[in-house]
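Q: One-letter residues, chain by chain:
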Amino acid sequence: MRYLPSSPVEDRALLDAIGVMDAETLLSGIPEPLRLRRELELPTQSSEQEVAGQMLAMANRNTRFCAQFLGAGAYDHFVPSAIDALISRQEWFTAYTPYQPEISQGTLQHLFEYQTLICDLTGLEVTNASLYDGGTSCVEAALMAVRVAKKRHTVLVSRGLHPLYREVLQTNFAPHAELNLVEVDLKEGITDLADLQAKLSGDVAAVLVGYPNFLGAVEDLAALAGPIHAAGALLVSVTQEAFAFGWLEAPGKLGADMACGEAMSLGNKPTFGGPFLGFLAGKDAHKRELPGRVVGQAKDLQDRTGYVLTLTAREQHIRRDKATSNICSNQGLVTLRANIFMQLAGPEGLKGLAEQNAAKAQYLRQRLLELPDMEVVVDQPFFNEFVLRYRGDYAALEAACLKESLLPGLDLGRYYPEYQGCILWCATELHTRSMIESLVELLARVPTTV
Amino acid sequence: MYPADAKYTKNHEFIKPLGDGTALVGITTYAQDAMGDVVFVDLPEVGDSFEAGEEFGTVESVKTVAEIFLPSAGEVLELNTELEAHPEYINEDAFGKGWLIKIRLAGELNPELLDATAYEQLVAEESH
Amino acid sequence: MFLRQREPLIFERSVPGKRGMDLPRLDVPEAQDTRPVHLRRGGFEALPELSEVDVIRHFTRLSKWNYGVDDGIYPLGSCTMKHNPRLNERVAGLPGFTDTHPMAPDALVQGNLELVYTLQEWLKEITGLPGVTLQPSAGAAGELTGVMLIRAYHLSRGAKRRVILIPDSGHGTNPATAAMAGYEVVELPSQPDGTISFKDVTDPTSGKVRKGLLSLVTELGPEIAGAMITNPNTVGVFEYRFKEISDLLHSIGALVYMDGANMNALIGVARPGDFGVDVMHLNLHKTFSTPHGGGGPGAGPVCCAEQLRPFLPVPVVVRETPSVGAGEVPVSTYRWDWDRPESIGKVHTFYGNFGILVRALTYCLSHGSDGLKAATLRAIVNANYIRVRLQGAYDLHIDSPSLHEVVFSDTRQAKREVHTLDIAKRLIDHGYHPPTIYFPLIVPGAMMIEPTESEDKFELDAFCDTMLTIAREAEEIPAALHHAPILAPLRRLDETTAARKPVLRWQKPAILPA
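Protein chains in written order, with the working numbering: chain A, 1 to 450; chain B, 1 to 128; chain C, 1 to 514.
Treat the hints as calculated values from the structure; they're not laboratory data.
Hints are not guaranteed to be accurate.
Here are the simulated DSSO-like pairs of lysine-lysine, each with C-alpha atoms no more than 30 Å apart in a straight line [what the hints assert, rightly or not]:
id, chain 1, residue 1, chain 2, residue 2
1, C, Lys160, C, Lys211
2, B, Lys10, C, Lys199
3, A, Lys322, C, Lys501
4, B, Lys97, A, Lys150
Here are a few chain B residues that face chain C, going by a calculated C-beta distance under 10 Å [claimed, not checked]:
id, residue
5, Lys16
6, Asp37
7, Phe40
8, Glu60
9, Ser61
10, Val62
11, Ala85
12, His86
13, Pro87
14, Glu88
15, Glu125
Glycine included, each C-beta is placed from N, C-alpha and C at the ideal position.
Bound conformation, chain A alone (with noise of 0.2 Å):
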């Protein structure tokens, strides 16, 4: 086995150096009745030529496609080389957690400066070294809103937030039978202010929205603060395509309280839904809330500037069941790709990358409109996302895409049935305006069944 460093000899003299035969002799703690006396029913090693082409075979077991108009929480954007390049050198990807600062200045350099452009980006002043996801940074949101709050155990989402991440918030707090989970109606295609204000009471610790939300629909975060402030509530913003920042002003300076959600399209492919990366930022005053991992800056004996992994006591390696979480991982490496992705790109690459997402995605959403069967059903400003409703039949459309090797939008009644028979399209600076109009084309081609 070649990554194995057995040979005859060195066993031999390990084993001898030990004291025993062989290593089974070492297996003595494990008493006999629960040992495993046959061999796993599984095949025997192979070459790595054999394992190569047989990963290769699965991979090419899945359809490629010349464009994908399918968003909804995993976008496909360009990814410069460098990122792999550099990601690919093993003090990078093979570093453990950076537990031992002196030794580990490289990891935890890079996450102060991750952390940075993470509070750049959402325009607040604290964030962690990153979460796993945008689904359960909405946990740890809610979490926190609740630890910081004091004694208000209701937390409202509305119903324009990713209804993937509903359903892992619905998971996590199932458990809590003392606290509240509540939807919050949309109306137009954004979060129902009335339906919010109806809502809204001495117990709600924080409210969760999308911006921009599922639909693709920009939330007016600065109409929303006014109502959920007034009711002592923390406003939570939650972002699932991290392009938005570059088009959208920072929801911390829209008055969110904190800002969370899902940061995978900065420098990362959609690879079937993860590794991704959740971030969570937030205020100054509730840092000691904050649950993951933190660093910060630090002075050594010699009054040398260096980082750390800081406020360790919320921790459970300390905390142990009274911990901020349960967290002890981060997305380290995804965070790694995010840092180079921000750094390359600057304010202007970032603005123009932005720009040039909204582009593509108003023209291909002028063109789709250009057909018979499409029509407006939310009509809100949107980013990179929006919603169609389309007259014909889902199914036919899709069959028709995919044998031309495109990925369609998401049928969005899977998720909303009050949106049954409309489709949620995604353009980025990837698609080109001839991948643009073969879709148009080909749809103009699909007969209307319905």
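Given the coordinates of chain A, work out where chains B and C should sit on it, guided by the hints.
A: Okay, now just chains B and C, sitting in the frame of chain A:
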């Protein structure tokens, strides 16, 4: 070593009655020494009431967190807000600048508290 | 590593007008902006302006301040820093995997679904447990999923049990997880050999009595939902009474969760499903060689017994094999099953850290059943070799036969005022990453060393020689060790001030008024 005008708990909190129905509460020098450098204190809100033995806050050092319990029932009158900027006061002067909260005692002082001599004995036992 | 003394924060390198990314030509009309003005992005305060050269050099230089598994032994106990095969990385980067969208129709992602299914089959056979979900993103997420399965199981039987038992030697994530799943934690004391105590334990110094397993089961009985037990435990010792513990818990209707952080000591030699475990998680980033990435991403699959399967997170992958005539080979198809009425729901937005699953299956296929078992045995031999070489110089606080890791205490060195932290920092001067320190909590000044199967005798000897050198230094020049490390780019850092006055991001220096 331990002021005689204060009473103590087995959890290493002290309470020092001020003679006007109020009292200062904090952690003992022994407690701060065992914890190491204090970095943060989480205190309740003014107006909150607690029973004797009820947890009212936490003290954090780099390596540990201690829950702190009220030695005797009462209502919180004042917090030592200096500690926000200077948590090290607890290490430097636990019985003085490092006090945590001032309370209005609800009724008599908890009779189960230890006096300075008894507390000193307890500490001596725990230290070896 | 250690090539440079200082790399400035990137923000100090920013020069207005530099670009590290050229945008493609826009081939559609420019975006119309109909938004209210206040929703338009204002400026950025920190995003730097750099060329690609600047960025590549920055991250290359920073990397040299890190220690990786290719630098040498990375003896962090419990973390299992084994070799990260490059094939895994190559395969995980295949566009056939990375370009796939999580919401694409099942028929278009048959390769991914087959991969998920196949890895699940491997994990079932390895653990002896018939139910699997690959959705949890990390070990702690796996724990939470597992404990929620336990909760759902009890609720389905109309029982509200409120307590989870956790040994005092357990990882901090266990109690944190139990609390997040709405349970109260009751601690199980260890006995002197490091395993769970059935009897009550009296603390020799304070005289306090801590209730053992038998008392707790009698006293709390129907309130106990389950126990979370690490096996082999955090001192590397197999809980030899595991079957008795699980039988006892099952007899009162409670379930047994096994923290599988140390499963790399058991693969091919014992299966949790055979000794009474109802549910457990695996750490793919430990046992299955997926890289740690400076803190993640990991993956924490959960395996469970038959009676917990209905509660597994949605969706669950299903294989369908058509019946075919004699001589024909059936072609299986795969789909996600979302129709699981008793499921606890979703624990990740999509299907977990899929890219990590690709690496783990590649590891499994490379090793095969024989290679996996050989890795287990070699990891145990390596740890015992270190134990034998170092036990003359460092105290073994617990002297039970240990498997894949060995825990030493600093009691001998402490007499010379040299503590575990000093020994760890001195290892850095000698060019090694330190072991896990001050964990488990039941061993004073713990140094937990896990060499993994990747190290050969040459590497093990070099590390042991260094540890012996440090033990001699502790005798001869104890005070000097308090200054370690002296050869790293930085000396010891002041974590107290960092926590008292946290600086968690860079801010543009304020411009002083003229």
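Q: Checked against the structure, which of the hints given earlier come out wrong?
A: As far as the earlier hints go, only 5 is violated by this structure.
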